[in-house]
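Full structure from sequences and hints, please.
Here the protein sequences come in this chain order: A and B.
Going by full-length UniProt numbering, the first sequence opens with residue 1, and the numbers climb by one from there.
Going by full-length UniProt numbering, the second sequence opens with residue 1, and the numbers climb by one from there.
Some clues are possibly wrong.
[Stated by the list, open to error] Pairwise CB distance ranges, derived in the manner of DEER restraints: (1) 521(A) - 228(B): 51 to 57 Å; (2) 236(A) - 287(B): 44 to 50 Å; (3) 608(A) - 185(B): 21 to 27 Å; (4) 613(A) - 255(B): 36 to 42 Å; (5) 521(A) - 299(B): 40 to 46 Å; (6) 452(A) - 356(B): 21 to 27 Å; (7) 423(A) - 181(B): 46 to 52 Å.
[As the list claims (entries may be wrong)] Here are the simulated DSS-like cross-link-like pairs (lysine-lysine), alpha carbons at most 25 Å apart as the crow flies: (8) 240(A) - 105(B); (9) 238(A) - 322(B); (10) 213(B) - 607(A); (11) 607(A) - 285(B); (12) 101(A) - 75(A); (13) 91(B) - 237(A); (14) 237(A) - 213(B); (15) 202(A) - 257(A); (16) 215(B) - 187(B); (17) 215(B) - 599(A); (18) 322(B) - 520(A); (19) 293(A) - 261(A); (20) 105(B) - 187(B); (21) 285(B) - 238(A); (22) 187(B) - 240(A); (23) 293(A) - 607(A); (24) 213(B) - 599(A).
Honestly, the hints are just simulated from the structure, not real lab data.
Small disclaimer: the values here were computed from a predicted structure and weren't measured.
A virtual CB, placed ideally from N, CA and C, is assigned to each residue, including glycine.
Residue strings, one per chain:
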Amino acid sequence: SSGQLRRLAAPHVGRSEKVTSRIQLQRRFRTDCRSLAYAKDLFLGKVNKAEVFPYPEIGNEELEEINQLVAPVEKFFAEDVDSKLIDHEATIPSETLKGLKELGLFGIQIPEEYGGLGLSNTMYARLGEIFCLDGSIAVTLAAHQAIGLKGILMLGTEEQKTKYLPRLATGEHIAAFCLTEPGSGSDAASIQTRATLTEDGKHYLLNGSKFWISNGGLAEIMTVFARTEVVDKDGQKKDKITAFIVERAFGGVTSGKPEDKLGIRGSNTCEVTFEDTKVPVENVIGEVGGGFKVAMNILNSGRFSMGSASAGIIKTLIGLAAEYAGTRKQFNRRLSEFGMIQDKFALMAQNAFVMESMAYLTAGMMDRPGLPDCSVEAAMVKVFSSEGLWICVSEALQVLGGLGYTKNFPYERYLRDSRILLIFEGTNEILRMYIALTGMQYAGRILTGKIKEMKKGNVGVVFELLGKKLRDSVVKTVDLGLTGNNGVVHPSLTESAKKFEENVVFFGSTVENLLYRYGKTIVDEQLVLKRVADVLINLYAMTAVLSRASRSISIGLRNHDHEVLLANNFCSEAYFKNNYLMTQLQKNSPENNDANIKKIAMDILEKRAYICSHPLDRTF
Amino acid sequence: MNSARRLLQTQYFRCLAAAPNYRASVQHVVFAHPPRRTSLSQLQWPRSFHGSPGCSQNRPVTTAVGQGGEKKEKSLVTYDELFEQVARDAKSKATFNRVVDIFSKRDVRRRGHVEFIYAALKKMPEFGVERDIAVYNKLLDVFPKEVLVARNFIQRMFNHYPRQQECGVQVLEQMENYGIMPNVETKVLLVQIFGDKSHPVRKYQRLMYWFPKFKHANPFPVPRDLPQDPVDLARLSLGRIANDLDSTTTVYQMPSTDLSETGEEISLPHIVGTQSPDQRSLLAKHNPSRPVFVEGPLPLWLRGTCVYYYVLRADPPPPEEKVEEPCDPELFGPGQSIFYPLVVDLALDRDLGDDYSFDVDDVEEGVVYAMCMTGQGDQATLGRWISGLQETNPILGQIPTLFRLESGPRELQGASETPRGPDIEAEPRTMEHEPFPEEEHQHSQGMKQ
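See the structure below:
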């Protein structure tokens, strides 16, 4: 097992920030197109061990550096940020913003040569754990750098970078990301904002308005997506989406009244209108007509940090609620002695642990050299952590009962703030569809031939399938090589790893079955896809906790036994959930109520009202 | 028991007495009991009840009916006259009740109550009380209480007081035909009069079983009293045809009468139209080189009223003009994560075992873009509708509009104009929502016989 330990500890994936910035520079050249396929391979019933084991680490220097950074930020948030005031006044005080700028939090991922901190995704996630403690600040910072300036950072030209990044890094200019429009919420394809080339061909005239723009009222620099006329290779004129860097100074930019929101009240969300805004052609990000790819890349790269942020909030709330549960006495016993209260803390701890594991695993994958496509993984982190956070905050509030409901405690604010996570940067419904369909597409490409043969009644394929089924029914245990002599999982997690393997194999056959049944019409089976996405999210979460707990136990981190406990507990829970979900996915499964669900919904939606008679109604 | 038996016997004798074939043989009986008018009408024997075998053996039904029917008419006439007398000035619930009261007070024995009730049932629509439960209860109250109740199982078995029971059932049946739900008072009365498990009580129980079940059977109920205002009626009708919650109904022109300069009276008919946003966007996509048609009048029945509407429609587009809007793979293709992919690029179709779609022969039809109702279905009026539509559908200015109007009824047969006299009197059978008045006629005729 010493060999195993060495293997677990050996690869240091992270690098110093200088290396990071160099890699970010390299990204433009796209030399390395290694595409990572951990989540996608799960659809085939395969575990791509090398991608997720061992758990990604950062180097000692980096760790030291991040710890040096974290300390002052923590201190600042503890002492100088009055979240209650921000929430009440619905604005972030300028001194607070100034403090954030001084800490360099407006340029976390901007390379040092442009005046930023030049940190990797992993380190960004670490800082996110702290600045999420105030939802308004977190959203302001995220809208600025996770999406607002990402376009320039990732796909901008050298000139664009030198022109804009330095002032963005210091926070002198704040950035915003303008994609959503009144007529297009999640459907970005119906963008109406239009950019027309002027006659001299040097400028675009931008017209249209954008809705729900975070930082819309503060931003100097905006990434705006608009329709442009593009001549495609057939010589036909087509409308395509292009991304522009728009300065407020270009003129014609007006922002509306800030929206009055349920949560994240201190962040500025408003409508931004462009009226004949003159944008120079140099300010196009990427290619003309390639804006969609830009938007996709930006959004995909921003989601992973929600995992660590959510975990950060839960960790704080656990501290607060545990303090209360330990001191409050009811019926001559402390709250902490009651099973139902203990249940809540276990749930919170487990959720925080899983979110953290998923977030840093994904961040680590994204920090690897090349152009890893972690969009599915990042989407899974977002879905899992946003839903987990919503439940956990609510449970923490419940520990305090009525007190938690008052404004004297921060729980209600966290509850309101956390609600937005289920909605923005792609609603969870849309991300579930994305997760499931991306995987289905990947698996479908590979399995099409086999399924076609099967449908034709090819004896060989059918016999192979029958043989496999027979083998599966006789030999219950599945071995994907996670455990055992050459295993990557620590022996104390063997059982969980076995459960995971069993689920993965079952998932593979479920996916095959679904493809056989639905083919390309799977797109319309949203209830099926929802379950597929849920299973995949659970599988990825299991992977993350197995990998992380194995590492912790192998290198002897403090309280690693607790981690193992959490990991085992989560895995067995997820195992049952997955089995149930996949049973529902089988044909004619009695557990599956989809037909009823659809019928109920249709009955109601047809009338657009609840249609049951009142229980007190009579007919005679 | 004894008295009941005696009553039954006298009944037999009366039957015999009334039958001419037997008249000679049982003449002494006839003399002993001179047949009264009432007893003759008894010969119109119940259709639905089975008397005892002995009874039916002795009853010469065939010949008796003709005679008895004649006599019955006569007997009814007297009660009809009673109604006519009282209601000479006004036919209302009050006068109807007065007639019933008069009858009830005239004779403690309530002699001839069955005939009276039949006559009253027939008169009810005339007095406009055919939907009044209280009146039905009052009518049932005419029956003497307790004397008709069967006292043992044999009486219960052998159709006790069949004529009275049948009359009671007839009252309930008329209630059923008008969709009137009996209430607790009805039940108490029936039990008092006929006793448990008698035919009228059974009828009552059946009514109470089925009526509530069918009360809301129609998901699109038509109100009992249709609005009198033609504009409101048009709104209601259009709302029924265009069952789209988004559609907006617009009154393009209110009905009004003007005096022109020459002193002529110009009446402007109402124009009420409806159009949904979907229809509007379909119309916006219409190829302007192809005409749209205004067609009509098309009938719509609302209970006993028929209204007419007009549609603006197009012919189905020829196959070459059908352009499937291509799905932009960059925006909707696989691997797009701003939103989920709307298509998956796979060569696999749905498995036959999971294909639950029906194989339906689709008949291609043109799109209906809008509908309207108007008081006057001429081209000028409908033209005003089209120009009103043009405000929200500017494309109509470019599309040639053809009027294909049939010479059907041009006038709106509003509720006010529909004769609601005796021929539709028995119009709604049973349930509140009966769409076909023709059927109702048949039912009511069947009932009256």
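(message) Of all the hints numbered above, which does this structure not satisfy? Sort the numbers upward.
(response) Numbers 2, 3, 8, 11, 13, 14, 15, 19, 22, 23, in rising order.
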